[in-house]
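The listed protein sequences correspond, in order, to chains A and B. Be aware that the first sequence starts at 180, since it is given in the numbering used here, and climbs by one per residue. Be aware that the second sequence starts at 180, since it is given in the numbering used here, and climbs by one per residue.
Worth flagging that the hints you see were computed from the coordinates, not collected in a lab. Keep in mind that a hint or two might mislead.
Copies of one chain are not kept apart here, so a pair can be met inside one copy or by any two copies together.
Claimed, not checked - Derived lysine-lysine pairs resembling BS3-like cross-links, with alpha carbons at most 25 Å apart: (1) K309 to K230; (2) K212 to K305; (3) K510 to K489; (4) K333 to K230; (5) K212 to K309; (6) K305 to K230; (7) K489 to K309; (8) K233 to K305; (9) K216 to K305; (10) K212 to K333; (11) K447 to K365.
Given the structure is predicted, the values throughout are model-derived calculations rather than measurements.
Protein chains: 2
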Amino acid sequence: MDRLIERIIKTGNPTVVGLDPALDLVPTYLKEKEYQKNGETLKAAAKAVYKFNKGLIDALCPIVPAVKPQLAFYEALGVEGIKAFYKTVEYAKERGMYVIADAKRGDIGSTAEGYASAFLGSVTIKSTGKTPISTKPVKLKKEGKGEKNDKKEKRVYGQLLAPNEYAPFPADALTVNAYLGTDGVKPFVNACASNDKGIFVLVKTSNPSSGELQDKCIDGIPVYEHMGSMVENWGSDTIGTHGYSAVGAVVGATYPEQIKELRAKMPKTFFLIPGYGAQGGTAKDIAAAFDSNGLGGIVNSSRGIIAAYKNAGENEHDFAGAAFRAALAMKDDLCREINLSK
Amino acid sequence: MDRLIERIIKTGNPTVVGLDPALDLVPTYLKEKEYQKNGETLKAAAKAVYKFNKGLIDALCPIVPAVKPQLAFYEALGVEGIKAFYKTVEYAKERGMYVIADAKRGDIGSTAEGYASAFLGSVTIKSTGKTPISTKPVKLKKEGKGEKNDKKEKRVYGQLLAPNEYAPFPADALTVNAYLGTDGVKPFVNACASNDKGIFVLVKTSNPSSGELQDKCIDGIPVYEHMGSMVENWGSDTIGTHGYSAVGAVVGATYPEQIKELRAKMPKTFFLIPGYGAQGGTAKDIAAAFDSNGLGGIVNSSRGIIAAYKNAGENEHDFAGAAFRAALAMKDDLCREINLSK
Numbered sequence: 180m181d182r183l184i185e186r187i188i189k190t191g192n193p194t195v196v197g198l199d200p201a202l203d204l205v206p207t208y209l210k211e212k213e214y215q216k217n218g219e220t221l222k223a224a225a226k227a228v229y230k231f232n233k234g235l236i237d238a239l240c241p242i243v244p245a246v247k248p249q250l251a252f253y254e255a256l257g258v259e260g261i262k263a264f265y266k267t268v269e270y271a272k273e274r275g276m277y278v279i280a281d282a283k284r285g286d287i288g289s290t291a292e293g294y295a296s297a298f299l300g301s302v303t304i305k306s307t308g309k310t311p312i313s314t315k316p317v318k319l320k321k322e323g324k325g326e327k328n329d330k331k332e333k334r335v336y337g338q339l340l341a342p343n344e345y346a347p348f349p350a351d352a353l354t355v356n357a358y359l360g361t362d363g364v365k366p367f368v369n370a371c372a373s374n375d376k377g378i379f380v381l382v383k384t385s386n387p388s389s390g391e392l393q394d395k396c397i398d399g400i401p402v403y404e405h406m407g408s409m410v411e412n413w414g415s416d417t418i419g420t421h422g423y424s425a426v427g428a429v430v431g432a433t434y435p436e437q438i439k440e441l442r443a444k445m446p447k448t449f450f451l452i453p454g455y456g457a458q459g460g461t462a463k464d465i466a467a468a469f470d471s472n473g474l475g476g477i478v479n480s481s482r483g484i485i486a487a488y489k490n491a492g493e494n495e496h497d498f499a500g501a502a503f504r505a506a507l508a509m510k511d512d513l514c515r516e517i518n519l520s521k
Numbered sequence: 180m181d182r183l184i185e186r187i188i189k190t191g192n193p194t195v196v197g198l199d200p201a202l203d204l205v206p207t208y209l210k211e212k213e214y215q216k217n218g219e220t221l222k223a224a225a226k227a228v229y230k231f232n233k234g235l236i237d238a239l240c241p242i243v244p245a246v247k248p249q250l251a252f253y254e255a256l257g258v259e260g261i262k263a264f265y266k267t268v269e270y271a272k273e274r275g276m277y278v279i280a281d282a283k284r285g286d287i288g289s290t291a292e293g294y295a296s297a298f299l300g301s302v303t304i305k306s307t308g309k310t311p312i313s314t315k316p317v318k319l320k321k322e323g324k325g326e327k328n329d330k331k332e333k334r335v336y337g338q339l340l341a342p343n344e345y346a347p348f349p350a351d352a353l354t355v356n357a358y359l360g361t362d363g364v365k366p367f368v369n370a371c372a373s374n375d376k377g378i379f380v381l382v383k384t385s386n387p388s389s390g391e392l393q394d395k396c397i398d399g400i401p402v403y404e405h406m407g408s409m410v411e412n413w414g415s416d417t418i419g420t421h422g423y424s425a426v427g428a429v430v431g432a433t434y435p436e437q438i439k440e441l442r443a444k445m446p447k448t449f450f451l452i453p454g455y456g457a458q459g460g461t462a463k464d465i466a467a468a469f470d471s472n473g474l475g476g477i478v479n480s481s482r483g484i485i486a487a488y489k490n491a492g493e494n495e496h497d498f499a500g501a502a503f504r505a506a507l508a509m510k511d512d513l514c515r516e517i518n519l520s521k
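Chain A on its own, in the form it takes in the complex (with noise of 0.2 Å):
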């Protein structure tokens, strides 16, 4: 967790903000110019949402330390939304933001290590050589004939870390769902170990019924609390120079009462943390999540910031200033609360 803590101190900001462009929140000018070159196509929704995102990017890298796509926005636009969500991770990542990956992903043993592939590791490809293999070159951005537009262009997906070696989708962190139990987290933590990466696995999430569940209580002690142990638990082994493990918990900013309990019984977890904003959590809210250092979490908002644009006297074309104005209203206000030291 250190390279993100790092990040929050450079920019004094423990915000991430969710890139979840749900296509009505995509500036209409931007879909609208790719429905012109590509039809009214998932290929140029999904050409829109990078525009955005990138748009987003540029304008929040000074001031917000990471970005979170969540996959779901992505695959609602199929294979081409998730080359959306490729470049924007690889955009993101050029401009020093911390990426997490918003997937909630979670499975047995053997299937989880995939998932730790796909988004925290690598995967090698190597053919046997006893046969011959093609020698042209991976290229990662081969542009086409005619740059004036990127319609010709040609890109290679999969960041090569080493001869053989893939980075599938190179995040640094992931959202995991841990109701399969320890053997279906491991694989994370070891990528976790392994890659310098981190998780962030959900104990109380900040929708409405997640009580339903969650809340429960067994000998005596919520759901969430033990999901919560385990979580501090599985981390144990990785902590970081600022004291925090690479294994996370998802706190809702929604249930104020329950970040203040597993803040305390979890002093090694960071926290991710949903629901400020538009699902009604505050500053005051997520306060107790924090250390005397100003440290212990990174605050989450998505649609306050990306479509900040849609608010009264701004203008879409304007959408990544409105977002930059946004969200710097948003590191105001959390940092009245929370003191973090430079």
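Once you've looked at the hints, dock chain B against the given chain A.
Coordinates of chain B only, in the frame set by chain A:
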């Protein structure tokens, strides 16, 4: 769930084959062929995966009603892997198979809608009509020049259901993780009801540590049973002609006592049963999931079928034949315990 049940009755076989193409399960000759053409790349690996799946689907479709591609193994090959997943879904459906996307998705309501659109629904891509749009027709498969090999193949991803309406990944059913509670599940249930699709919610998973949370008792009742009651309830408005709802449950073959218990408490819920074979579950263990007509569940096998060519006496060039024989043996094994009336 009727469409799945009718396929099961037609084939006389309550089996779903898990298309979990970890690279070490893909026959070497298929991989080498692609490495020769495309180098040691994710693209080459993904193409080998698709060819493997295609061979398996061709061999299995006469005797197996359904396939269950596990997203982790496709995501592990990045964007190229997702293309292979898309093509696998499309091809299996072309060959008449029912496709369960094993993705274990789950999120808060507004986000779960995105996942539901991606796998069970559709997305509308529509211009405002105020600006001209490209009139290039959308072609679902555009073959390039030189059809000798598939190198030139250009393909548009996403199934066009109606003008402006696309199915991003047109599966029949999806596995869902409901740790977040009802508001995270409703969008999936709604998509099932609108589009004649199904979901399978994780109740009692087949892995060794599933009990860490799932077996813990709340008011004397284990978590998996609470989850089971929620599932039975979520499905109550979607009962089909065979008496089962669109909201199924994942219940592991490795826990026969729990299968019996859950079947008694969830009479309207269809079970997806992993854990047969490699993980240790037997036909006897799962028999209690089935009703007197031999209906009520579908049993998954992945490695045991798709990697049957690795068994003694088999040959990787006949991977499809080996899979066919293994599937036939599994069918016979299951049908000794389950009386599936024709």
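Please flag the earlier hints that this structure goes against, numbers listed from lowest up. none
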